[in-house]
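Undergrad: Can you make the complete structure from the sequences, with help from the hints?
In this note's numbering, the protein residues as written are 39 to 435.
No wet-lab data here; the hints were simulated from the structure. Glycine residues also receive a C-beta, built at the ideal position from the N, C-alpha and C atoms. Hints should not be assumed to be uniformly reliable.
Taking CB as the label site, the calculated pair distances span [claimed, not checked]: (1) Q269 - E235: 23 to 29 angstroms; (2) K113 - E347: 47 to 53 angstroms; (3) A169 - D348: 26 to 32 angstroms; (4) D364 - P58: 44 to 50 angstroms; (5) E117 - L400: 37 to 43 angstroms; (6) T281 - S64: 30 to 36 angstroms; (7) P130 - E275: 32 to 38 angstroms; (8) E235 - E163: 28 to 34 angstroms; (9) Q269 - R231: 23 to 29 angstroms; (10) D166 - E347: 31 to 37 angstroms; (11) V213 - D364: 39 to 45 angstroms; (12) I270 - E117: 38 to 44 angstroms.
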Amino acid sequence: MVFNLRSFSFADSIEDDPPPPPKSFSLKELRVATHNFSRDNFLAEGGFGKVYRGHLADGSLVAVKRARTVDQCSKEQFETEVLVGRSVSMHPNVLRLRGFCRTKKELLLVYPLIINNSLSYNLTERPDRCARPLDWTTRKRIALGAARGLAHLHDQGTIKIMHRYICAASILLNVQFEAVIGSFCIAMIMHERNVEEGTIEWRTRTPRHGTGVSFSSPLEENSADSGFDSQIYHCYEDVYVNTLACGIIGFTAPEYSYTGKCTLKNDVFAYGKMLLELISGQPIFDFFPEVHDGEALWLEDWVRKHMNEDQLGRVIDPNLQGNYVDEEAKQLVRLALLCAHEDPSVRPEMSEVVQMLESQFLQRDSSTRSSWSLSERESTPYYSFPPSPSPPLGIGP
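TA: Below you can see the structure in the form of structure tokens.
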């Protein structure tokens, strides 16, 4: 399905009760809550700054994000998170902004404390991850919860929210190890004033030697001695926002990276990459050095190669020690590759992804074309997916 400005409605109302607006905290309140940002309350550090555990006067536990510096970049990230926090309706799989504090020297964001850290931490950093890995049932629940949260962001009624930073690090796990989407510092809100409808055009270049493909901007000059044999132009019609490409290396969709036209399908692409990490337990960057027929393999290429060779066991996180359901694993791999497809017109919408997962994992009888058993996309074999491009150089927050 292709969105257009006629069907891409901004007029629908949100049926859910609106959440309470984020509270404006005083700096004194947050100093008290975090014991003056003590080392004992330090949790983590990201691009925005340090994160501290806090205990508010009402007894609730929070995570307080404190900007490293107050500069133009941190101000923009702060304002974006506050704007998204004021705009998004409540959902169990979306992190809700509790409040904020802004002074001349401080920028602080207050979120509920998510006790089990991020998916990335649990897959690659947690000390006991090998002895006590996330089990298969939990991984299925994470896949579905993240899909539900992202679909909710994409269907806010009066607005649509593009996350632009979906990855294992932005998927948090609550006390039940359910997925909660956070990290909204580079999110974009689509509304009537900033969207356009039109053609997104980019091209692939086929090297004279080798079988890989490389992506380039449609504005790039064509060099006769560039070492490429042919160019294939791709066109996609959708509603988009024109903006500088921003995201994480390997998680930014090729059409967005090379045109600056961002659609909701960029989030779908990133979700597919995140699913591959969830399934394999491997970050995509670990596959830079792996070489096949003279070419470096990315995680999706590596997964596709083993699936074509009927080696599912090589793809699944070895820490699971074979404790998974083969057919479910195959379907989840297929969905991940579908979402991470280089062609945005092939990627499903997040609402379709939710239907697919619910049909498969919750045993729901679905008669829609999004059903795993009835989907036209499902009949596509692994080997027919085209090679993935080298990931673009995105910018993480």
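Undergrad: So, for every hint listed, does it hold in this structure?
TA: The hints, checked one at a time:
no.: 1; hint: Q269 - E235: 23 to 29 angstroms; verdict: holds, 26 angstroms
no.: 2; hint: K113 - E347: 47 to 53 angstroms; verdict: holds, 51 angstroms
no.: 3; hint: A169 - D348: 26 to 32 angstroms; verdict: holds, 30 angstroms
no.: 4; hint: D364 - P58: 44 to 50 angstroms; verdict: holds, 46 angstroms
no.: 5; hint: E117 - L400: 37 to 43 angstroms; verdict: holds, 38 angstroms
no.: 6; hint: T281 - S64: 30 to 36 angstroms; verdict: holds, 34 angstroms
no.: 7; hint: P130 - E275: 32 to 38 angstroms; verdict: holds, 34 angstroms
no.: 8; hint: E235 - E163: 28 to 34 angstroms; verdict: violated, 42 angstroms
no.: 9; hint: Q269 - R231: 23 to 29 angstroms; verdict: violated, 35 angstroms
no.: 10; hint: D166 - E347: 31 to 37 angstroms; verdict: holds, 32 angstroms
no.: 11; hint: V213 - D364: 39 to 45 angstroms; verdict: violated, 30 angstroms
no.: 12; hint: I270 - E117: 38 to 44 angstroms; verdict: holds, 40 angstroms
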